[in-house]
Amino acid sequence: MNPDAVPPDRPESFRAAPVPRRSSLLLLPALAWLGLFFFVPLALMLAISFASRGTYGGVVWTLSLANYANVLDPLYVKVFLRSVLLASVTTVLCLALGFPIAYYIARLPARRQGIWLLLVMIPFWTNFLIRTYAWIFMLRTEGLMNQVLAGLGLIGSPVDVLYTEMAIVIGLVYGYLPFMILPLSAAVERLPPSLVEAAWDLYASRWAVLWRVIVPLTKPGLVAGCTLVFIPSLGAFMTPDLMGGARTMMIGNLIQHEFLVARDWPFGSAIALVLMVSVLLGLAIYLRAERAGTRLAAGG
Amino acid sequence: MSPSKSQWPWKLVQGLLLSALGLLVVYQQRSDDGLMGWLSARLAGGPPATLHYFTWSDYADKDVIQAFEREVGVKVVVDTFGSNEELLAKLQSGAGGYDVVVPSDFMVAIMVKQDLLAELDLDRIPNVRLVFERLQHLPFDPDNQYSIPYLWGTVGIGYDSAVVPAPPDSWEALWDPRYKRKISMLNDQREVFGVALRTLGQSVNAVEPAVIARAKAKLASQKDLVKTYTSENYQQLLAYGEVALAHGWGGTVARAMAERPSIKYVIPKEGATVWADCLVVLKTAPHKDLAMRFINYLLDRNVAARTTERLLFATSNREAQVLVAAQYRDNPAIYPPDSVFDRLEWMTDVGEAARLYDRAWTEVKLQ
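Just so you know, the protein sequences line up as chains A and B, in that order. Positions 67 to 366 (this note's numbering) are the ones given, in order, by the first sequence. Positions 47 to 413 (this note's numbering) are the ones given, in order, by the second sequence.
FYI, nobody ran anything at the bench for these hints, they're computed from the structure. Wrong hints could be hidden among the right ones.
[What the hints assert, rightly or not] DSS-like mimics (lysine-lysine), calculated; alpha carbons at most 27 Å apart, straight line: (1) B:Lys264 <-> B:Lys310; (2) B:Lys136 <-> B:Lys329; (3) B:Lys269 <-> B:Lys136; (4) B:Lys269 <-> B:Lys310; (5) B:Lys310 <-> A:Lys144; (6) B:Lys334 <-> B:Lys310; (7) A:Lys144 <-> B:Lys262; (8) A:Lys144 <-> B:Lys121; (9) B:Lys315 <-> B:Lys334.
[To be verified] Chain A regions said to be covered by chain B (calculated; three or more residues, Cβ under 8 Å): (10) 120-129; (11) 306-314; (12) 348-357.
[To be verified] A few chain A residues that face chain B, going by a derived Cβ cut-off under 8 Å, partial list only: (13) Val143; (14) Lys144; (15) Glu208; (16) Asp267; (17) Leu268; (18) Tyr269.
The beta carbon of each residue, even a glycine, is placed where N, CA and C say it ideally should be.
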């Protein structure tokens, strides 16, 4: 079964109705918002990243590339690598946990999907900081988890999970799992069950059904989910501090440290921009490879 | 669904009433005196002046501030910060409108150099004369030209005497493998390096790269024993028994004592940092006169005594110490005993050496 043989889910004849000119004025508030609160600060950061730090903080406007050279220091590269590692582990775990849930929800009758999606969303009604503290109370030595495990006779002495890298991953997976489930369930919903049945009918193995039918057809959801989990995990700073006990530094902690403790805004800006550009580059390379792959398959 | 003609005025009235009620509720919550207080203030005359007070998140005692509001007939708006660096970053990024701010000793020096502070009108702050002898003529502002010490104390070890039998009178206790992952350190690079430096017999203000490198190695060897670096929740960690030894500010340890009586406090023999959070007026303060009056009020001996009893941090007024209940007055975590003073050291800004500390700290964290 070649996934490329599947008819595109959006018929070619579909065209958006032209937008009347005056209606585009409605975009203005959003554009003004983005311009004022995204592009202007970004431009400021870009400018500051080429300046240098005053002895007592503040910004001295002497143009230099020193901040960018400094980002390449092995010490800071190590922070980057550690963050990428923790964010990757988080993404893989979210995918492993989220895919079955998303698949299950998407295959439910429509009227029962609502309640499940609501359950996925409900945690968002509570502030993330408060939910993180709840985790701290659950994971600590005399906390709920250890009491339950000890009560069941599974452990002799309390498990020391809180304030480890594992606790960081638990916190990140917990926090970002909904971002994986929501786009994935939308993608699975668009996957016609008949295609999976057809694969079974053609004696495809379980793996073949998964890898050659389900995964290719839900790829947009997979990419969206992984991106939505990976990027915020990479920049997380609250979870490593609160659940990791500030024993390690992720890139978000380093940026926070440069701005608030070291009072080195220029270096902080440079790290933040390098982080942003590398994430954008990664995405762009992926999308380009993806498009090339599709073109190749379609042409061949 | 669309309301019929006869219905819509009623809907409008309903809507207006509801929003008015909502506004009332919001106002009731926002103004501390409630609606009646607000109304009576409006009827009595023009709008009251508003003083903006920017202080540490655990320093703003509602009762103390409300008493000032009633006494003077003004409104005090309180904003809080969590660290000196956060305070400076906020002021440098243009947050304005604050009148009275509470930076620590070394930050006063930086703010003076940054020309952020207004000169104090000491004639209007007579309580400055009641400040402890020891807290007068401090190196960062010897004549109280810009600042007056307000709350002060030491950094030491809070420990659970039920777990740690002998008082840990040396910082080396924080390197004791018996307490592996039962130790918390402040998440503050200068304070943590200060501990390592004192154990090496150096000043907490060392600037020599070789000395800082040795302190870094010392801290790296401690890393596996440390459960967490935190400046916020070690009070709970001590109280719940999560850690047996906590590097921390005296007042915070004193609060843990209230929750778990076996908690004690010690200032190690190698010496420790002493600090004072000071009252200052910003150069840009809109209400300088009111600010001087507020500072004098906070330094009043009765107000200061009440502040100490509520916050468990010592106030700088020496007459207030007599008024404070004995259980607080005699607590070494709140008022450092006379015997420790010759081994206490003030932390100063290390200028460009700060880069060395930043880097070394990042290396310890990545260990």
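Hint check:
| no. | hint | in the structure |
| --- | --- | --- |
| 1 | B:Lys264 <-> B:Lys310 | holds, 25 Å |
| 2 | B:Lys136 <-> B:Lys329 | holds, 15 Å |
| 3 | B:Lys269 <-> B:Lys136 | violated, 32 Å |
| 4 | B:Lys269 <-> B:Lys310 | holds, 24 Å |
| 5 | B:Lys310 <-> A:Lys144 | violated, 39 Å |
| 6 | B:Lys334 <-> B:Lys310 | violated, 42 Å |
| 7 | A:Lys144 <-> B:Lys262 | holds, 18 Å |
| 8 | A:Lys144 <-> B:Lys121 | violated, 50 Å |
| 9 | B:Lys315 <-> B:Lys334 | violated, 43 Å |
| 10 | 120-129 | holds (count 4) |
| 11 | 306-314 | holds (count 5) |
| 12 | 348-357 | violated (count 0) |
| 13 | Val143 | violated, 11 Å |
| 14 | Lys144 | holds, 6 Å |
| 15 | Glu208 | holds, 6 Å |
| 16 | Asp267 | violated, 49 Å |
| 17 | Leu268 | violated, 52 Å |
| 18 | Tyr269 | violated, 52 Å |
The earlier numbered hints that this structure contradicts are 3, 5, 6, 8, 9, 12, 13, 16, 17, 18.
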